[in-house]
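Protein chains: 2
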Amino acid sequence: MGKKIVIIGGVAAGPKSACRIKRLLPDAEVTIIDQDSLISYGGCGIPYYVSGDVSDEKELRNTSFHMTRDEAFFLNAKGVVARTNTRALAIDRKGKVVHVEEVHTGRKDTVPYDNLVLATGAKPNLLPIPGADLDGVYTISDLHKAIAIKERIAKGEVSNAVVIGGGAIGIEMAEAFTDLWGIKTTILEFMPQVMPRLVDWDFARMLETHLRESGVEVFTGEAASAIEGENGKVARVVTPKRTLAADIVVMAVGVRARSELAREAGLLVSAMGNIVVNDRLQTSDPAIYAAGDCIEVKNILTGKGGIAPMGSLANREGRIVGDNIAGIPTKYKGWIGSFTMKAFERCIAATGLSLDAALAEGFAAAAVTTAQSDRAHFFPTQAVIPLRLVFDLKSRKVLGCQGFGPMSDAVLARIDAAAAMISQGATIDDVSQLEMAYAPPFATALDALNATANVADNLAAGRLRSVSTRDFLAWMEDFGGHPEWVALDIRHPNETKAFVEKYGPEKWLSVPYIEIRNRHQELPRDKTMLIICDAGTRSSEVQIALDHFGLENNLVLGGGFNLIRRMGVAWWPN
Amino acid sequence: MGKKIVIIGGVAAGPKSACRIKRLLPDAEVTIIDQDSLISYGGCGIPYYVSGDVSDEKELRNTSFHMTRDEAFFLNAKGVVARTNTRALAIDRKGKVVHVEEVHTGRKDTVPYDNLVLATGAKPNLLPIPGADLDGVYTISDLHKAIAIKERIAKGEVSNAVVIGGGAIGIEMAEAFTDLWGIKTTILEFMPQVMPRLVDWDFARMLETHLRESGVEVFTGEAASAIEGENGKVARVVTPKRTLAADIVVMAVGVRARSELAREAGLLVSAMGNIVVNDRLQTSDPAIYAAGDCIEVKNILTGKGGIAPMGSLANREGRIVGDNIAGIPTKYKGWIGSFTMKAFERCIAATGLSLDAALAEGFAAAAVTTAQSDRAHFFPTQAVIPLRLVFDLKSRKVLGCQGFGPMSDAVLARIDAAAAMISQGATIDDVSQLEMAYAPPFATALDALNATANVADNLAAGRLRSVSTRDFLAWMEDFGGHPEWVALDIRHPNETKAFVEKYGPEKWLSVPYIEIRNRHQELPRDKTMLIICDAGTRSSEVQIALDHFGLENNLVLGGGFNLIRRMGVAWWPN
Chain L
1 MGKKIVIIGG
11 VAAGPKSACR
21 IKRLLPDAEV
31 TIIDQDSLIS
41 YGGCGIPYYV
51 SGDVSDEKEL
61 RNTSFHMTRD
71 EAFFLNAKGV
81 VARTNTRALA
91 IDRKGKVVHV
101 EEVHTGRKDT
111 VPYDNLVLAT
121 GAKPNLLPIP
131 GADLDGVYTI
141 SDLHKAIAIK
151 ERIAKGEVSN
161 AVVIGGGAIG
171 IEMAEAFTDL
181 WGIKTTILEF
191 MPQVMPRLVD
201 WDFARMLETH
211 LRESGVEVFT
221 GEAASAIEGE
231 NGKVARVVTP
241 KRTLAADIVV
251 MAVGVRARSE
261 LAREAGLLVS
271 AMGNIVVNDR
281 LQTSDPAIYA
291 AGDCIEVKNI
301 LTGKGGIAPM
311 GSLANREGRI
321 VGDNIAGIPT
331 KYKGWIGSFT
341 MKAFERCIAA
351 TGLSLDAALA
361 EGFAAAAVTT
371 AQSDRAHFFP
381 TQAVIPLRLV
391 FDLKSRKVLG
401 CQGFGPMSDA
411 VLARIDAAAA
421 MISQGATIDD
431 VSQLEMAYAP
441 PFATALDALN
451 ATANVADNLA
461 AGRLRSVSTR
471 DFLAWMEDFG
481 GHPEWVALDI
491 RHPNETKAFV
501 EKYGPEKWLS
511 VPYIEIRNRH
521 QELPRDKTML
531 IICDAGTRSS
541 EVQIALDHFG
551 LENNLVLGGG
561 FNLIRRMGVA
571 WWPN
Chain H
1 MGKKIVIIGG
11 VAAGPKSACR
21 IKRLLPDAEV
31 TIIDQDSLIS
41 YGGCGIPYYV
51 SGDVSDEKEL
61 RNTSFHMTRD
71 EAFFLNAKGV
81 VARTNTRALA
91 IDRKGKVVHV
101 EEVHTGRKDT
111 VPYDNLVLAT
121 GAKPNLLPIP
131 GADLDGVYTI
141 SDLHKAIAIK
151 ERIAKGEVSN
161 AVVIGGGAIG
171 IEMAEAFTDL
181 WGIKTTILEF
191 MPQVMPRLVD
201 WDFARMLETH
211 LRESGVEVFT
221 GEAASAIEGE
231 NGKVARVVTP
241 KRTLAADIVV
251 MAVGVRARSE
261 LAREAGLLVS
271 AMGNIVVNDR
281 LQTSDPAIYA
291 AGDCIEVKNI
301 LTGKGGIAPM
311 GSLANREGRI
321 VGDNIAGIPT
331 KYKGWIGSFT
341 MKAFERCIAA
351 TGLSLDAALA
361 EGFAAAAVTT
371 AQSDRAHFFP
381 TQAVIPLRLV
391 FDLKSRKVLG
401 CQGFGPMSDA
411 VLARIDAAAA
421 MISQGATIDD
431 VSQLEMAYAP
441 PFATALDALN
451 ATANVADNLA
461 AGRLRSVSTR
471 DFLAWMEDFG
481 GHPEWVALDI
491 RHPNETKAFV
501 EKYGPEKWLS
511 VPYIEIRNRH
521 QELPRDKTML
531 IICDAGTRSS
541 EVQIALDHFG
551 LENNLVLGGG
561 FNLIRRMGVA
571 WWPN
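Note that the protein sequences, when read in sequence, are chains L and H. Numbering-wise, the numbering used here puts 556 at position 556 of the first sequence, and it's gapless, one number per residue. Numbering-wise, the numbering used here puts 198 at position 198 of the second sequence, and it's gapless, one number per residue.
What the hints contain is simulated information worked out from the structure, not anything from laboratory work. Some hints here could point you the wrong way.
A pair counts as met if it fits within one copy or between any two copies, since identical chains are not told apart.
Below 30 Å or equal to it, Euclidean Cα-Cα: the simulated DSS-like pairs (lysine-lysine) are [what the hints assert, rightly or not]:
1) Lys304 - Lys397
2) Lys333 - Lys397
3) Lys298 - Lys397
4) Lys123 - Lys108
5) Lys123 - Lys304
6) Lys58 - Lys497
7) Lys397 - Lys331
8) Lys155 - Lys58
9) Lys58 - Lys150
What you are looking at is a predicted structure, and each value in this text was computed from that prediction instead of being measured.
If we strip away everything but chain L, and leave its shape as in the complex, we get:
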């Protein structure tokens, strides 16, 4: 027989590397060890199982051809032995064996290996607050938890839910609770916005607004300080500002690597607890590889290591481990941070670094935001998809892209294209010329992503001066806060009328785009004009025209009211 390969962990990276090894080395004896009874499931599908979109948990463990990936499947279809209900206790690197224990019988055993793969995954963080151990407080860590949550709901025991953590898992779970089950759900996010670090705050705010429109309450900048129970069951979540009734609490506040086995075996583990690997995913012991949520992964853009707990990466990494064990020297380039998420009737997605993250990393970063159509404006299904491009002003390299739009693949198309450009080190000029596929039912002749790169080019060249959305909103929310500012609203008078009436013709100037060239004499020279249109495009043109007429005291509202409208502002005239 061939090499003995032992894999600890049977969810994503583990089975992937097992199957790849077996395909490359059909002689190899491949064994997966997992303490759970259920393996090889699509963990990212848990919210859709809880919501009911997926009716049976087995579907999350099924192949596309409707076979369940259980022990028999791995043996018969893949030639891989899956030892479930078997806990790895320790690694004896010298003896090249893994000490294991059968969970139900307590029977101990050793499993010899030539190569070992650690795919031990991550475990969810638990907040150290009172009541975190009450019945009804869940983390989303495995299928059993998902089944338990769904059973609890199906029994009719849940009317109020609190989700602690406004990241992707928290929001997806909130949708699952609300959409099918009609549970009154609240998201608590400690940071000032949902999806912190993943998207910038204006994109987060569009998402928060849609969550609220869809019936989810969202409190940001607000932490859970305690969970209270009645008769051992969760009953309330307490924050510094309020007490929320809760029959169920989901804690989705990040994960950390499961690296105890690795650490105890003397393998190099980062300060954050991630298993350190080289670019062939080898640990500090050349016979031992690691992949998935438990490893330290290099971010291609920052060069820094960290945990990258994504099912998509786990699968890529598992394949690379398989290659290297089989003698194919495939290198892992690292990650850039691409994600997409459904939230009710919207999609939010991003790749690379947000502006906040890029600035924190020391890049000479800038960002532009557009709000253009996903397809020809005359095509019936057209929708606006706000896009943000983050880039480096010195190198002109693209650092990140964010998108928000309707529940279709329109945003995905732009983010995947941006991910490709970023992974290849492209500049904004490359994105400007990127030849995206065009036909009116799918795109605009100059795609929204190209147009966003063009705006970035204009900004980098000093041909665009913008007011930030944050400053504009601060002005509007405290109207008159910048007395030297006035709005120059260049939309159609039908659209500007209510604003002029509400804010007065001195502060809210209405001069249609088409009339600017003939009416610029009317405009004030002693005020900063904030030029407003729907998408920001006309405003940029008007800025150039005003500059030309010597009225240089003006700023463009990037993304225009298409963006502001999606943010849900209280001051919008009725």
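With chain L's structure known, arrange chain H on it following the hints.
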């Protein structure tokens, strides 16, 4: 005043360069000259205007903010003079003037320039067959033609249509005729497949099948030899094989550059008639630039020049001309050939070179085809999207990608990502690792595009041997034609039953995927086994297992029956 810029041609590249110049050089005097009364329209939207998706032709000339781009709009909004109904007669390069004539009055005039931009577009080819000049024979060259066609249909004069040419415009027009108006429509394509050169024949065949399912008759390898009329009006189209009734004929057989003005002015024009430009889109006269359908564009992949008549490219090129005239030395990288198209309920799209084109260009090209899900197989809206990746076996560079799927943006996302990778010179290894955005409602953990690159890697490494779809279909259509071949159908017995019954258990072996490892002894050693599943994935695994068992006489059907089913084969058991 500033520079005098004259632009000949007012559809896409012309207005784009005019507006860009005016934004960069607000002092410039910019004049667009066009012989037509209607300018700056979305020509690619014509089929949707004819179909009725777009109710008024004005929508094709409108901005996204609902203003019509007419002479007044250009003057007031853009500061650009648009001289419509004005024909450019000749360019006096020495005197730097354009001689023009007003179409309706015959009044002649000269327009001086510092820089001239030729955006004269292309004109549709006319087949030199009898009857091509009959009333009712149209090309899709401008909005007037579109209006005339729609009026003719709206009057109830059209029951039968023949579209000559199975490229994108022909197919889009056929859909317009059939879908809303219920006109019996036939497409005639001279080449053996629709969309020749753009996609390979199996993707073309999936499209042809869907066109037929949608009520359009398609005849390939069949040319129109004559058009016959009655009382001067079109009545029939004659081919060597049949005569088709026709109240309207659309001739969509390609275009050629309008370059007479350039040639007569002594500018360099290619043998094919395209205006030759450098990478700053300057013609052989440095004062004269050119952009859009009339120019010779370099293909990035082949390095060869040719016509690239796409609205998307015209817009990019117009911007680059504007930059260069304004002193920004932007270079045009050339094109790769990205497109997408709606055909009833399907999307077909591609980027780069088809396998046929790549082989014809001398690449060591190979291709793999997959037929995987666009999103998690457990997500309700999941659909199969056949993808083909064309690549160079020596350099491993990706040369092209084709996709076919339902009418959503799922295929677009993969093609745009592939376009980005191709434009940046990526290899199949880069695509394998490309970090596409993942969540179950939008993608699979390992995206279909990544998976296709993995299959390409396996093929390149000699780990995959396939039977071509063409050979497989030939065998099936002349069953027994390769007596040494047998089918090894590894799908579920419920799926294989009808095939075994129809073709006999000797020629159609049914051994489920899961049982191969235990039943390989039953398999023949003296026959070539064509391994069949739905997507090709399981077949590849089975090939490795059979090889391992010494049964190396086997070939995988790439893309499996997911592909074959979409091709519409007559031999499919009922």
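Within a copy, between copies, both or neither: which one fits Lys123 and Lys108 at a CA-CA cutoff of 30 Å? within (24 Å within a copy, 80 Å between copies)
Tell me, please, which holds for Lys333 and Lys397 at an alpha-carbon limit of 30 Å: within, between, both or neither? Classified as both; 18 Å inside a copy, 17 Å across copies.
If the cutoff is 30 Å on CA atoms, where do Lys123 and Lys304 land: within, between, both or neither? Let me know, please. within (22 Å within a copy, 55 Å between copies)
Regarding Lys155 and Lys58, is the shortest C-alpha distance of 30 Å or less found within a copy, between copies, in both, or in neither? within (20 Å within a copy, 58 Å between copies)
With identical chains treated as interchangeable, where does the CA-CA distance between Lys58 and Lys497 reach 30 Å or less: within a copy, between copies, both, or neither? Classified as between: cross-chain Cα gap 26 Å, same-chain 57 Å, threshold 30 Å.
Should Lys298 paired with Lys397 be assigned to within, between, both, or neither, using CA atoms and 30 Å as the limit? both (19 Å within a copy, 25 Å between copies)
Measure nothing new, just compare the shortest in-copy and cross-copy C-alpha distances for Lys397 and Lys331 to 30 Å and report within, between, both or neither. both (23 Å within a copy, 17 Å between copies)
Is it within, between, both, or neither for Lys304 and Lys397, if the alpha carbons may be no more than 30 Å apart? For Lys304 and Lys397, both the intra-copy (18 Å) and inter-copy (29 Å) Cα distances are at most 30 Å.
Homo-oligomer pair classification [Lys150, Lys58; C-alpha up to 30 Å]: within (14 Å within a copy, 53 Å between copies)
Checked against the numbered hints listed earlier, the structure breaks none of them; every hint is satisfied.
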